[in-house]
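Engineer: Read off the chains here:
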Amino acid sequence: MTALRLEVTKILHQRRTYVGWIGLVLVPVVVVAAAALEKPQPPDPGEPPFVAHVSQNGLLVALSALIALASFLLPIIAAMGGASSVASEAEGGTLKTWLSRPVSRTAVLLTKWVSAIAYALAGAALVAVVSLAAGAVAFGLHPLVTLSGTSLGVPHALALIATAYLLVVAGAVCSLTVALFISTFTDSSLTAATIAIAVFTVLTVLNVFSTFDFMKPYTYSTYRLVFVNLFRSPIYWPPIRSALLDYGVTIGVLLLAAWIVFGRKDVLS
Amino acid sequence: MGTLGREFVKILFQKRTYVGWAGLLAVPLLMVLALDLSGSKPAPGEGPAFFSRIASNGLFAPLVAIGALSLFLFPLVASMAGAFPLAGEAEMGTMKTWLSRPVGRATVLFSKWGVAILYVVIGMALVGLGGLVAGGLVFGIHPMVTISGTTLSIPAGVGRIVLANVVILAALLCMVSLALFVSTLTNSSLTAAITAMVVFIVLTILNGFSYFDFMKPYTFTSYDTAFVNLIRDPIVWRPIRDALLVDAATVAGLLAVSWLVFRRKDILT
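Protein chains in written order, with our numbering: chain A, 1 to 269; chain B, 1 to 269.
FYI, nobody ran anything at the bench for these hints, they're computed from the structure. Keep in mind that the hints are not guaranteed to be accurate.
Stated by the list, open to error - Derived coverage of chain A by chain B (criterion: at least 3 residues anywhere in the stretch with Cβ under 8 angstroms from a Cβ of chain B; other residues may be distant): (1) 9-21; (2) 70-83; (3) 210-220.
The beta carbon of each residue, even a glycine, is placed where N, CA and C say it ideally should be.
Excised from the complex, chain A in its bound form (with noise of 0.2 angstroms):
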């Protein structure tokens, strides 16, 4: 436990981490201050779920900006995090002082993987509470219409959407270890960071294409937008079934393999 409130120390101190987070909270804001300025408009067909009554209800303040988060900017804050956990201690060449402590490498692994998480989690949280308050403020919240057309409750619609945050950052998670992955065998966190979205960037263009629909099942990238079914009525759980088991085995393959390439890492520096 010690040696995670030191990283989160570590993480708190460095100016990316303030970027990162301010980054993620200008969506939300950016949302409200457009859709209360802006006249109402015929909605447009190809505009995702949520986005398009976004004034009627601060509730779709949160979800319109999850959108957001969970197609670009979640995944690119949380490949920063994973790639500066175990890299940028090797650029500032303090991995080796780490490792002369008496602490196994996996649990510095591991630390530097659950910190990275943390990050996200709380980027994500600042995002939900903020866009809760401002959509609050700018338009109120009201019962939420599902997808299926019933009504459900606002603190029943709240609790959906912090599991929509979660599932959103369970996807995030993915990134993340691939960045912490590849962290583990350049010294640079920049070139991890940029390989973690390049992956996730190319991924979701090759879903795009139907004749890459048959590794659509198997990638992290075909379910960013699965949380959408928690909207419905009942919840159509099937997809959210296959997300979180992808994710599991995606997450599990990777952690094994940042594990097994730094167990036997030559530190230089």
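On the provided structure of chain A, position chain B as indicated by the hints.
Structural biologist: Below, chain B alone, put in the same frame as chain A:
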């Protein structure tokens, strides 16, 4: 030129350089492969601009590839390229050594900027050539039918594609300069690259809301489809001229502030 040459040698000795180029080159190859393997042809209007035309004319493959990459992956690569040269020296503790030589800080800054551009240009050339060769082999190269319905000879078509690359390059220079600017403020290449990407994504999201239309003429992100006008006959120059003007002003502004910051910066590593 001597400084730029040395900088170029430095990037050739980094693994990351080749990962980036290979990732970019994979996109046109995978795209052509996907189209060749899939039985059904994409409907007009589906996918990125001109996507449905590749199957009848391989000449469109490099154009579609660069157009699709310019939405996300190329800005990512450009921000990585712009962030690393300067901040990477600070990370490795070699900045002091650099500046102890008889070179002006302006020369250092501009050679870093120049090498980042060189990296992006080589990436674009790889995508263009890869797309042309793969598209030509699989679908054949035929005279290009423009959006206006006229037909251009093959050399004229290739000329238009090169022009489109130049227009897209201008927007990528904004990303390179943005990352370079942030890297004068921080000693971490990861922070610089991620900050540049966050700015890019937030601007893209802002461009999506009509309330923020007033800033559209001034943001470099709003011209992501300007290059399409080059495939008209005659070429519609107005949006292209606007895009180039905004790009030039953005790059000049960012370079000027980078120089102001870097000129007086305390170099501690």
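Engineer: If a hint holds in the structure, say so; if it does not, say that too.
Structural biologist: Hint by hint, here is what the structure shows:
no.	hint	in the structure
1	9-21	holds (count 5)
2	70-83	holds (count 6)
3	210-220	holds (count 3)
Hint violations for this structure: none, all hints satisfied.
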